[in-house]
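Colleague: Here is how the chains run, residue by residue.
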Amino acid sequence: MKQSVKDIQQKLGLSDEDVAKPLPKPTQWSEPFWEAAREHRLVLRRCDVCGTYQHPPYPSCEVCYGEEFSWVEAAGRATLFAYTVNHSSVPYPFLADLPYVTAIVELTEGVRMISNIVECDHDALRNGMELEVVFADVSEEWTLPQWKPVSE
Amino acid sequence: MSKGEFAVIGTGEVPCGRYPERSEFEIAYQVAKLAIQDAGIDKDEIGAVVGAAHIMGGDYNTEMFFGRLPEAIGARNCKITACTISGGASSFSIRKTVEGILASGETDTVLVIHAQRFSQFTPNELVTFFATAGADQEWDVPYGMTYNALAAMVTEAYLAATQTTIEQVAAACVTLRKWAMLQPNAMFNSKELSVEEVLGSRMVAYPLTSLMCNVLADGGSAYVMTTAEKARRVCPKPVYVLSDASVYSHRSITSAKVKDFSEIMPFGPLANRAYERAGVGPEDMDIFEIYGSYPSIILMILDHLGITEPGTAGKLVASGKCDPGGPYPITTNGEAMGMGHTGTGVGFGVFVESVRQLQGKAGRAQVEGARFLIENCGGGAFMDCHFTVLGNEVPA
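Going down the list, the sequences are from chains A and B.
Each residue of the first sequence is one higher than the last, beginning at 1 in the numbering used here.
Each residue of the second sequence is one higher than the last, beginning at 1001 in the numbering used here.
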């Protein structure tokens, strides 16, 4: 049974700040990822020299050390690589979300990401299952790509 | 480093657990004195004092950077002081620092210190710190990642990729507790566990229950390391560093270079490299002092040490063969599950226990006649692994 943020605040005597969700802290070389997410698009950075997709991105390509990149639209499809269902012992801002799924997803482009699996029966989670991207607007400025099972 | 060039000649350790009144400085001075006394040397022989950083910072680190420890312990002939940290791998990176100092010839005696006091922080400060310490602020933390969630994901995928069961993971907790019961300084040494109890405890992050997760603890340990030449002169039973082998894999677990989590990195070739460099094999090992930080990771590493087929360590542990008195003793201080999680100190605890075993000073946990053992540590989001082979003799 999920508890509301207000219930949790009251019960534990927490301020709004205590339960504020941590938002991504982007770097100058990852900003395009979050800008696209805001528009509900999933993009990945590909090296113009050797073609490697790199996530998370860094200033240089991890393979060829090149510095020329393109941000390309991802297919928005992935498979489940590993997951857990969180039941307790999470930071205050996530208490109201319990139980929630954190997972490693492997995109068709080959890179992996940490994310949440949503709109899913937790008992139906299986490694290798097909996933598609969805977008959660968590604040005015921030949107998190998340994943849900592919609907048949 | 050539085989057996350096040796540990004494160790010190304080009880681990919740000791809010005991400052980290007090711990540091205490373990330093214990190690110096155990080594049977004079404090004025110490030429370098090297410490591990206190996790979550504080005055202790600042004071260490500015040279408090040598002065406080009266190491009047100290020439070099340093603080080395690489998370859970600190016990290894600090030892390599020490080996470098010894190899320079500037001194032949180095004191290594670890001290940690988590009880000064609130539960949410600790949860939040460990949520962000193992996870990336940009890519992981906004999704509600925690260290337990990280270990849970790896465990879930390890179980799925091998024939290991969650009951076997629970059995590893039971084995570690049995070892901890023999340790006077362990946080959890008063009561045996059962598989049912472990499985029935509160669910934290599926499939990990609370008794499969670590409890943060205050604690500390220290040791004295010297050249082999000096060790033979001053110590009746030195413990020689015979070899080591290292790999760094990733920062974020999403960058692990494996096709599934039957392992996080190639442990087998790495352990073999350590065995080969030492001139010994798995059959020569009397103990497997594995630091996994979670019981499932211990199984994953044990899978690749040459005593069981990959994917079958769970079965081996559940058979009781890794318990006290069994043929394949593992992690004889009970690791973080037994000592409590003392930050960078978990690896130090395993290393210090390794030395005690080979010096014949392990008390009730003593594995009779132990001559050689393999030890490991690693840090971050399972970012690296370092195997070390230790022995109380140097094989030809």
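Hints were generated in silico from the structure; no laboratory data involved.
Do not rely on the hints blindly, as some may be mistaken.
[Claimed, not checked] Computed Cβ-Cβ distance ranges for the label pairs, DEER-style:
{"id": "1", "chain 1": "B", "residue 1": "GLU1276", "chain 2": "A", "residue 2": "GLU35", "range": "50 to 56 Å"}
{"id": "2", "chain 1": "B", "residue 1": "SER1104", "chain 2": "A", "residue 2": "LYS2", "range": "56 to 62 Å"}
{"id": "3", "chain 1": "A", "residue 1": "HIS40", "chain 2": "B", "residue 2": "GLU1071", "range": "58 to 64 Å"}
{"id": "4", "chain 1": "A", "residue 1": "LYS25", "chain 2": "B", "residue 2": "SER1255", "range": "41 to 47 Å"}
{"id": "5", "chain 1": "A", "residue 1": "GLU140", "chain 2": "B", "residue 2": "LYS1079", "range": "33 to 39 Å"}
For each residue, glycine too, the CB sits at the ideal point set by N, CA and C.
Colleague: Now tell me, hint by hint, if it's right for this structure.
Modeller: Hints, verified against the model:
1. Taking 50 to 56 Å as the suggested C-beta distance range, the pair B:GLU1276 and A:GLU35 conforms, at roughly 51 Å.
2. Separation of B:SER1104 from A:LYS2 is about 60 Å and conforms to the stated range, judged on CB atoms against 56 to 62 Å.
3. Against the hinted window of 58 to 64 Å, the Cβ-Cβ separation of A:HIS40 and B:GLU1071 comes to about 60 Å, which satisfies the hint.
4. Here the CB-CB span from A:LYS25 to B:SER1255 is close to 18 Å, at odds with the stated 41 to 47 Å.
5. The hint said 33 to 39 Å for the Cβ distance between A:GLU140 and B:LYS1079, and at roughly 58 Å that hint is violated.
In terms of the numbered hints stated before, the structure departs from hints 4, 5, listed from lowest to highest.
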